[in-house]
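Given the sequences, and given the hints that come with them, work out the whole structure.
Those protein sequences? They're chains X and E, same order as listed. The first sequence begins at 1 in our numbering and counts up by one. The second sequence begins at 1 in our numbering and counts up by one.
There could be a bad hint or two in this list.
Said to hold, decoys possible - If you only want the chain X side, here are some residues facing chain E, beta carbon under 8 Å, derived: (1) Phe17; (2) Leu18; (3) Phe24; (4) Met32; (5) Phe41; (6) Leu44; (7) Pro47; (8) Ile151; (9) Met196; (10) Leu237; (11) Ser255.
To be verified - Result set (DSS-like, lysine-lysine): computed pairs, CA atoms no more than 25 Å apart in a straight line: (12) E:Lys162 x X:Lys271; (13) X:Lys67 x X:Lys230; (14) E:Lys227 x E:Lys205; (15) X:Lys45 x E:Lys162.
Think of the hints as simulated: they come from the structure by calculation, not from any bench. For glycine and all other residues, C-beta sits at the position ideal for the given N, C-alpha and C.
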Amino acid sequence: MSRRSYNAGWSLTGWVFLILLLIFAVAPMLWMLITSFKSQFAALKYPPEFIPSNPNLEQYERLLSPKNEVGRQFLRYMANSIWVSTATTILGVAVAVPAAYAFARFRFPGRQALFFSVLFRNMFPAVVFLMPLFIMMRWMGLVNTYSSLIITYLTFGLPLSIWLLKGFYDNIPIELEQAARIDGCTRFQAFYLIVMPLSAPGIIATAIYSFITAWNEYVYALTFLNDDQKLTLPVGLQRFFTEYATNWPGLMAASFIMSVPVVVMFLILQKYFVRALTEGAVKA
Amino acid sequence: MNSSTGRKPTPRGLFGRIADHRLDYLYILPAIGVMLLVIAYPIYYTFYLSFFRTPPSLAMSDKVFNGIGNYITILTSESFHEVTINTVVWTVWSTFFATALGLGAALVLNRQFAGRGVLRGLLLIPYVISAVAASYIWRWIYHSDFGVLGAILNRLGIIDGKLNLLDNVNLVLPSLIVVNVWKEFPFAMIMILAGLQTVPDQLLKAARVDGAGAFHRFLHVTLPHLKGVMVITVLLLFVANLNHFTIPWIMTGGGPAGASDIWITQIYQIAFGRIRFGLASAYSVILFAVMVVIGYFYVRALTGNDDVRRRG
Chain X
1 MSRRSYNAGW SLTGWVFLIL LLIFAVAPML WMLITSFKSQ FAALKYPPEF IPSNPNLEQY
61 ERLLSPKNEV GRQFLRYMAN SIWVSTATTI LGVAVAVPAA YAFARFRFPG RQALFFSVLF
121 RNMFPAVVFL MPLFIMMRWM GLVNTYSSLI ITYLTFGLPL SIWLLKGFYD NIPIELEQAA
181 RIDGCTRFQA FYLIVMPLSA PGIIATAIYS FITAWNEYVY ALTFLNDDQK LTLPVGLQRF
241 FTEYATNWPG LMAASFIMSV PVVVMFLILQ KYFVRALTEG AVKA
Chain E
1 MNSSTGRKPT PRGLFGRIAD HRLDYLYILP AIGVMLLVIA YPIYYTFYLS FFRTPPSLAM
61 SDKVFNGIGN YITILTSESF HEVTINTVVW TVWSTFFATA LGLGAALVLN RQFAGRGVLR
121 GLLLIPYVIS AVAASYIWRW IYHSDFGVLG AILNRLGIID GKLNLLDNVN LVLPSLIVVN
181 VWKEFPFAMI MILAGLQTVP DQLLKAARVD GAGAFHRFLH VTLPHLKGVM VITVLLLFVA
241 NLNHFTIPWI MTGGGPAGAS DIWITQIYQI AFGRIRFGLA SAYSVILFAV MVVIGYFYVR
301 ALTGNDDVRR RG
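Shown next as structure tokens:
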């Protein structure tokens, strides 16, 4: 085989693989969408209809209307999720920015050790901390409060945020700040007026990451909250499922609505999100 | 350089230097404070509790010191062996397939073509949506009576009759692994894609001029450059899978007959189902020990990269 045809074959294999992978990735979401346009009765036909014969928005109307009980519940869960995710994001940025700046600029003793102990958190997702935290939250009287979730979610995003932002601060010339100081800025002003705007992409990246993680989180929300009025969407979804066990179109519509904010946010700010994910491992 | 303020470095002992920098610590105080509260203390308390027999109540007052009794109970329990095998199967295969698919996707996406950005975005969506939504979507796809997968396989003539995945002790774990791979291959893809962009173009061109085919260029130029990223990706996926709770919990709850029970679902069940916090803590410590070993390699891989960066 000549090299040219060998390369062409290699390239064709790549395309076929890509198309199969695309089907694998997208088909389940498409099926969620298709099912959500069916009535409860139509969803239980066998074999299933790939194109709904009688598509309607019945499920969405029910979920998004405050006029009925299901809708009220769903909208409440959504409001809870928005509140928890937003608070987590804002606090996360407020805590990560000064820390990252300090790790990048100052040479205090223990800097390396502290930095890596922060990164070490990456190694311990979720459940290992669940039990002791639950006991702790009980002591502090925080079970069934959003604070318990916000404090916990805060630490999910922190290591990544600090790492990412430190990368930005490392690259901002220190002379810029020194010039600002000479012009009469305080240390804080120099930071606030010069460094903050320059690290805006990093801040956006960490903010999206924090928001999406908080929005999707399930285990802690499942454990810390048991008041029906306070649940966030992922746990609320499960509540729906157990109560309306056979309503698959409703469940798919709820899953879709729940996915919309994060997917839209992600598609608009894809560049930053990708940066947040990869910055830790690759520094080009 | 001492700090941004350009203070003179004073040649004093450790405490003197700490005192000199006391203002610096204010910047990291909130971050370290939260981390201590939510991480350091729980780690300590898990260790502590793992040596106690706790009554099935949430008040931790009447616990009894039990030495390593909890550990013995777990390691000698009937289910431990099976659950451990499930955990290894789940973790290793999920990591392997997610990395393999991610690598393939990254290699194809690393060329320039129209619609590349859109394609990357579409492939990333499973990673962004919540694991809860993903679990329900796949439960519906797998549904033994009305599931679309069974219908398709029937129409293609691959199977005849009902497709029973989640109630079948042999098929349940592979079925869950498929869902997990669906959810996390985009992560591997995006990491490796970022790694590919650091491969110097000149090297690839030089190899092409020297007559190396696509496959050889990949093997001898691209792959060595990807090593660092691959190691970190695999480690991160490995840990994430070892700790993955949502998909098995929502899709099967560990069933049928414990066929999809892994360490983490088992720990949750012991802690919040049976309310045996002491026992669950000991279980957590075992899991924890495994992760500390992996964590060691993770930090080493990260710092190793740092050295390369400085030298390069």
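Hints not upheld, ascending by number = Numbers 5, 9, 12 - these are the hints that the structure violates, sorted from lowest upward.
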